[in-house]
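Peer 1: Position chain L relative to chain P; hints supplied.
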Amino acid sequence: MISPWKTPSGMSRRHFMNHLAGSSAAASAALTMGGAIAANAEEMRRNRKSAIMLWMGGGPPTIDMWDLKPGAPTGGPFQPISTTGDMQICEHLPMVAKQMHNLSIVRSMSTREADHNRGRYYMHTGFVPNPNIEHPSYGAVVAHELMSQRPELEIPPFVTIGGASAGPGFLGMAWSPFAVTSSGRIRNLDMKLDGMRLRQRMAALQEIESGFANRTRDLPAGEHGKVLKKTFDLMTSSQMEAFRVEKEDEKTKERYGTNGFGQGCLLARRLVEGGVPFIEVDLGGWDLHNNVHQTLADTKLPQLDKAMSALVEDLEQRGLLQDTAIIWMGEFGRTPRINQNAGRDHWARSWSCVVGGAGIQGGLAVGETSSDGTAVESEPFSSEDLMATVCKGLGISLDTTFMSKNRRPMKIANGGKVISELVA
Amino acid sequence: MAPKSIFLSRLTRSLGGLVILMVAFASVARAQSVVPPQIAMINDAIEQGWADYEITPAKEADDAVWCRRVFLDIIGRIPSLEEQQEFAADRGGDRRAKLVDRLLHDDRYTEEYANHWATVWSNLLIGRGGGMDRRDLTDRNGMMKYLRDSFAENKSYDRMVYELVTAEGATKPGAPGFNGAVNFLVGKVNEEKAVLAASSVSRIFLGQQVQCTQCHNHPFNDWKQQKFWEFNSFFRQTRALRRFVDGTRDVEYAELVSEDYAGEAGDPNDALVFYEMRNGLTRVAYPVFTDGTEISKSGFVDDVNRRQELGRLMMDSQSLDRMAINRYWSMFLGYGFTKPIDDMGPHNNPTHPELLDDLSNAFRGSSYNLKDLITWITLSRPYSLAPVLGSNNQIDDPSIGETPKFSRFYLRQMSAEQLYQSLVSASGGSATGTYEQQEKKRREWLRQFVVTFGTDEGDEATTFDGSIPQALMLFNGELTQNATSTKPGSFLDRLSQSGKSTRDRLNLLYKAGLSRQPTKREVALAGELYRARGGKEIEMLQDVWWAILNSNEFIMQH
Numbered sequence: 032m033i034s035p036w037k038t039p040s041g042m043s044r045r046h047f048m049n050h051l052a053g054s055s056a057a058a059s060a061a062l063t064m065g066g067a068i069a070a071n072a073e074e075m076r077r078n079r080k081s082a083i084m085l086w087m088g089g090g091p092p093t094i095d096m097w098d099l100k101p102g103a104p105t106g107g108p109f110q111p112i113s114t115t116g117d118m119q120i121c122e123h124l125p126m127v128a129k130q131m132h133n134l135s136i137v138r139s140m141s142t143r144e145a146d147h148n149r150g151r152y153y154m155h156t157g158f159v160p161n162p163n164i165e166h167p168s169y170g171a172v173v174a175h176e177l178m179s180q181r182p183e184l185e186i187p188p189f190v191t192i193g194g195a196s197a198g199p200g201f202l203g204m205a206w207s208p209f210a211v212t213s214s215g216r217i218r219n220l221d222m223k224l225d226g227m228r229l230r231q232r233m234a235a236l237q238e239i240e241s242g243f244a245n246r247t248r249d250l251p252a253g254e255h256g257k258v259l260k261k262t263f264d265l266m267t268s269s270q271m272e273a274f275r276v277e278k279e280d281e282k283t284k285e286r287y288g289t290n291g292f293g294q295g296c297l298l299a300r301r302l303v304e305g306g307v308p309f310i311e312v313d314l315g316g317w318d319l320h321n322n323v324h325q326t327l328a329d330t331k332l333p334q335l336d337k338a339m340s341a342l343v344e345d346l347e348q349r350g351l352l353q354d355t356a357i358i359w360m361g362e363f364g365r366t367p368r369i370n371q372n373a374g375r376d377h378w379a380r381s382w383s384c385v386v387g388g389a390g391i392q393g394g395l396a397v398g399e400t401s402s403d404g405t406a407v408e409s410e411p412f413s414s415e416d417l418m419a420t421v422c423k424g425l426g427i428s429l430d431t432t433f434m435s436k437n438r439r440p441m442k443i444a445n446g447g448k449v450i451s452e453l454v455a
Numbered sequence: 029m030a031p032k033s034i035f036l037s038r039l040t041r042s043l044g045g046l047v048i049l050m051v052a053f054a055s056v057a058r059a060q061s062v063v064p065p066q067i068a069m070i071n072d073a074i075e076q077g078w079a080d081y082e083i084t085p086a087k088e089a090d091d092a093v094w095c096r097r098v099f100l101d102i103i104g105r106i107p108s109l110e111e112q113q114e115f116a117a118d119r120g121g122d123r124r125a126k127l128v129d130r131l132l133h134d135d136r137y138t139e140e141y142a143n144h145w146a147t148v149w150s151n152l153l154i155g156r157g158g159g160m161d162r163r164d165l166t167d168r169n170g171m172m173k174y175l176r177d178s179f180a181e182n183k184s185y186d187r188m189v190y191e192l193v194t195a196e197g198a199t200k201p202g203a204p205g206f207n208g209a210v211n212f213l214v215g216k217v218n219e220e221k222a223v224l225a226a227s228s229v230s231r232i233f234l235g236q237q238v239q240c241t242q243c244h245n246h247p248f249n250d251w252k253q254q255k256f257w258e259f260n261s262f263f264r265q266t267r268a269l270r271r272f273v274d275g276t277r278d279v280e281y282a283e284l285v286s287e288d289y290a291g292e293a294g295d296p297n298d299a300l301v302f303y304e305m306r307n308g309l310t311r312v313a314y315p316v317f318t319d320g321t322e323i324s325k326s327g328f329v330d331d332v333n334r335r336q337e338l339g340r341l342m343m344d345s346q347s348l349d350r351m352a353i354n355r356y357w358s359m360f361l362g363y364g365f366t367k368p369i370d371d372m373g374p375h376n377n378p379t380h381p382e383l384l385d386d387l388s389n390a391f392r393g394s395s396y397n398l399k400d401l402i403t404w405i406t407l408s409r410p411y412s413l414a415p416v417l418g419s420n421n422q423i424d425d426p427s428i429g430e431t432p433k434f435s436r437f438y439l440r441q442m443s444a445e446q447l448y449q450s451l452v453s454a455s456g457g458s459a460t461g462t463y464e465q466q467e468k469k470r471r472e473w474l475r476q477f478v479v480t481f482g483t484d485e486g487d488e489a490t491t492f493d494g495s496i497p498q499a500l501m502l503f504n505g506e507l508t509q510n511a512t513s514t515k516p517g518s519f520l521d522r523l524s525q526s527g528k529s530t531r532d533r534l535n536l537l538y539k540a541g542l543s544r545q546p547t548k549r550e551v552a553l554a555g556e557l558y559r560a561r562g563g564k565e566i567e568m569l570q571d572v573w574w575a576i577l578n579s580n581e582f583i584m585q586h
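Chains as they are written, first to last, in the working numbering: chain P, 32 to 455; chain L, 29 to 586.
Careful, some of the hints might be misleading.
Unchecked claim - Taking lysine to any residue and the SDA-like style, the derived pairs with C-alpha atoms no more than 25 Å apart in a straight line are:
no., chain 1, residue 1, chain 2, residue 2
1, L, K399, L, M188
2, L, K564, L, T514
3, L, K252, L, N377
4, P, K223, L, W78
5, L, K469, P, T212
6, P, K436, L, E382
7, L, K399, L, R162
8, P, K257, L, P426
9, L, K515, L, R162
10, L, K539, P, A244
11, P, K223, L, R522
12, P, K442, L, I428
13, P, K260, L, R440
14, L, K468, L, P426
15, P, K436, L, Q422
16, L, K469, L, R162
17, L, K252, L, F317
18, P, K436, L, N377
19, L, K469, L, T480
20, L, K183, L, F360
21, P, K436, L, S427
22, L, K252, L, N307
23, P, K436, L, G418
24, L, K468, P, I217
25, P, K223, L, E567
26, P, K442, L, P426
27, P, K436, L, W78
28, P, K260, L, E567
29, P, K260, L, D493
30, L, K548, P, A244
31, L, K399, L, E382
32, L, K468, L, M442
To be clear, the hints were calculated from the coordinates, so they are not data collected in a lab. Computed from a prediction, not measured in an experiment: that's the story for all the values here.
Just chain P, with the same shape it has in the complex (with noise of 0.2 Å):
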């Protein structure tokens, strides 16, 4: 049969070998450099840093957890127990104690809001919402900066959990956050086709897309090529293997809780091993203005209890905690008052964040509040400082600036300043 195309100029078969070579070389990257790579493997996996953010979306009540005040009106009605750090917490955190040599608090935070939304962005990103700019969030701006540490990572640098985390701002849609439920699940990844004419696709697909942005000159160049790329990427991956949590055996998975923060913990780990730099972990829930210490000490506590023991620990004993970063924060804290509903609503002035592993000292508690808890009265710190903190324990220069879209420039952490008793 005689086909019914002709060649125009500049397209010959050779041509279109090349498309093909091309999209399938981040593929077989791996493979040509592969000597090179497996040399310096042992070095890199040995230096490269980690973080497992573990977010408590709605506002945790830290006056009941981190930073009791026994015996104040505003004290509620637990009690403070001793730790492994030099340190007192809530009573109903018991197994988070034996672990607090390894994590310390930082009990002067003073924030400015406490708006969900403004506060979910002002913590994930340093920076208080602007309608004309986004802000890269800690995931994006921490995978952005430790990729250079994993050459052979295939799957995404920056995980999501349970929760949509924040986005990756001017720093594009590359480094946006992979969302996963703690199952390890993901949907739609099998490749019905085989890999030859999925490459055939991908050429094809190459071409519309450089045409199109060509003729709109509006799309940050290349933005969704590189999506694509590292979904082709991802879908080919062995790499993979890291978010198949249903492999651990059944004890790890009792130690970590079989809830879904409990098993997304558990995924964190996995991943770190595998290699990602950035994990977020989202535990919800946390907005309760209506009956808060019966529902914390019912189920949030003895849940974030477990989880959060249970990985501080598994790192440690894994050797992967002093290049593991774990921070954990919501958006603000809340009131100390107590309210008719036996809540407590959203308050941002006095608060506390809890930050170890990596190069972040464990076992102090950093500031202090009054004693009904309503005011910082030590050195307050902001979500900048928090973030310039550790951006410094896994190793990022502070020195380091992003161009925004529009050519401003940014200082990372937005030039927050370091919590010099925490990192060196």
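Peer 2: Frame of chain P, contents of chain L only:
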């Protein structure tokens, strides 16, 4: 003078004033001489902005691209090949106006129009996750039914808002006293003193963001904490009641009712609420509208139904008109006159203040006819421009924080719902099954992209944002598999039996997905694919169709 204009001017002479306007209106095209006043108003104001900034707009989008654009915006999906051909076959200068008129008023599109806008508004009113959870009092079907009926009969915008704000009755279709409009507020009144009801109504319909003022005075606008609790007081007679399945504790549906309210001091004749200021002092609030209008302090429903009073006051408020205009403009043009669109007021200057005012007045003047408003916007010049950022309008780039000048059509990604309908339509016309079955399937598919934040306010995000989960879905998902199926009766099967030649069929494929012809290079690539598939044409078409459906050009509204 062009023949068409002669025809129209002859008509003008032979008919009375009002009729002329209507006729001219229904047949307007780009012929400047007969542009209805509202469209001229838009064009003049936007063109003035170009002159002020010394920029030259992009050229007009070609007809096929514009056709795809209005189909997506008005009925929520791309046009079929047949529909594109019907449009192309009309050689009259007024064919764009005729197409808009068809999409808005022809019976064959009523259902799709109503369904598309009901979906858009459901997402606004109750979120993508609203009514998706079994424990949720909101009934998504009830919300959709109310909105579909409203858009099908082209209910005026003000009436729809009044009904949503004042509704009483049952949530679930078929329940006694069913009133689907109650689903907007039924999940927002029982918790936290109806804070969510107050903040949603003021944000969605009046463009005023007040959620932070429940705790403190707003830092940027003139909303004070007092004002929040006064506004909130309008919702305090309202309760959502659970109705149980007989003899069980299973909630069958919910009912939104107005009950006598005793106030927080226990005196229904003086039904006040308390709020606490940041300095610890307690203050008192009664229902007062945003413009300072007070209503009776009684909490007895027989004396005063507070939500009905609120509804009436909102009808007189200019904020109602301005918010509607800002929202509809942004839905069609990609950006509103303010950013964000639902935070309006003296603290947030609009980019085109006069146009915003004039359009608001015109909308009120048309008795809040949404189809008129859609006609004005879609037939305006800014809506007709090509999506090209050129050297003459380089500064018109809102994505980097510049104010929009509307000198080009801004690219934006389709919504998940638009993509779904487009893929269903692209896989061979209408979906199968009853409305309920189709809707269930669609909802299951949409659910995969919704992520909630775990707050009481039901905040949510979508992963349908151009990132990897979306790409995976388009690469491998069931919808793509159906759309690229070669089974007998499928789109590709039927396509492969039409047309004169392989080249002809390839052209049709590009037309169907992208409303354009393939380029030379694309044709050549298809030729290579044809050979790679061993001369099996339908497999080549399948590969190309897959590539088209996965391209930015397909996913973008452009």
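Peer 1: Evaluate each hint against the coordinates.
Peer 2: Structure-based check of all given hints:
1. L:K399 / L:M188: Holds, at about 14 Å.
2. L:K564 / L:T514: Between L:K564 and L:T514 the Cα gap is close to 12 Å, so the pair holds against 25 Å.
3. L:K252 / L:N377: 20 Å, holds
4. P:K223 / L:W78: 50 Å, violated
5. L:K469 / P:T212: 21 Å, holds
6. P:K436 / L:E382: Since the Cα atoms of P:K436 and L:E382 sit roughly 30 Å apart, the hinted pair is violated (cutoff 25 Å).
7. L:K399 / L:R162: With a Cα-Cα distance of about 35 Å, the restraint between L:K399 and L:R162 is violated, given a limit of 25 Å.
8. P:K257 / L:P426: 23 Å, holds
9. L:K515 / L:R162: Violated, at about 38 Å.
10. L:K539 / P:A244: Answer holds: L:K539 to P:A244 is near 18 Å, not above 25 Å.
11. P:K223 / L:R522: Between P:K223 and L:R522 the Cα gap is close to 23 Å, so the pair holds against 25 Å.
12. P:K442 / L:I428: Holds, at roughly 18 Å.
13. P:K260 / L:R440: 21 Å, holds
14. L:K468 / L:P426: 37 Å, violated
15. P:K436 / L:Q422: The given pair, whose Cα atoms are some 14 Å apart, holds under the 25 Å limit.
16. L:K469 / L:R162: 17 Å, holds
17. L:K252 / L:F317: Holds. L:K252 to L:F317 sits at ~13 Å (cutoff 25 Å).
18. P:K436 / L:N377: Holds - the C-alpha atoms of L:N377 and P:K436 are around 23 Å apart, at most 25 Å.
19. L:K469 / L:T480: 21 Å, holds
20. L:K183 / L:F360: 20 Å, holds
21. P:K436 / L:S427: Distance of about 8 Å is within 25 Å: holds.
22. L:K252 / L:N307: 14 Å, holds
23. P:K436 / L:G418: Cα-Cα ~17 Å, so holds.
24. L:K468 / P:I217: 22 Å, holds
25. P:K223 / L:E567: Answer holds: P:K223 to L:E567 is near 14 Å, not above 25 Å.
26. P:K442 / L:P426: 23 Å, holds
27. P:K436 / L:W78: Measuring from Cα to Cα gives roughly 23 Å; hence the hint holds.
28. P:K260 / L:E567: OK: P:K260 and L:E567 at ~23 Å, within 25 Å.
29. P:K260 / L:D493: Judged against 25 Å, a Cα distance of about 16 Å means the pair holds.
30. L:K548 / P:A244: 17 Å, holds
31. L:K399 / L:E382: Status holds; Cα separation ~22 Å.
32. L:K468 / L:M442: This hinted pair holds, its Cα atoms lying about 21 Å apart.
When each numbered hint is compared with the structure, violations occur for hints 4, 6, 7, 9 and 14.
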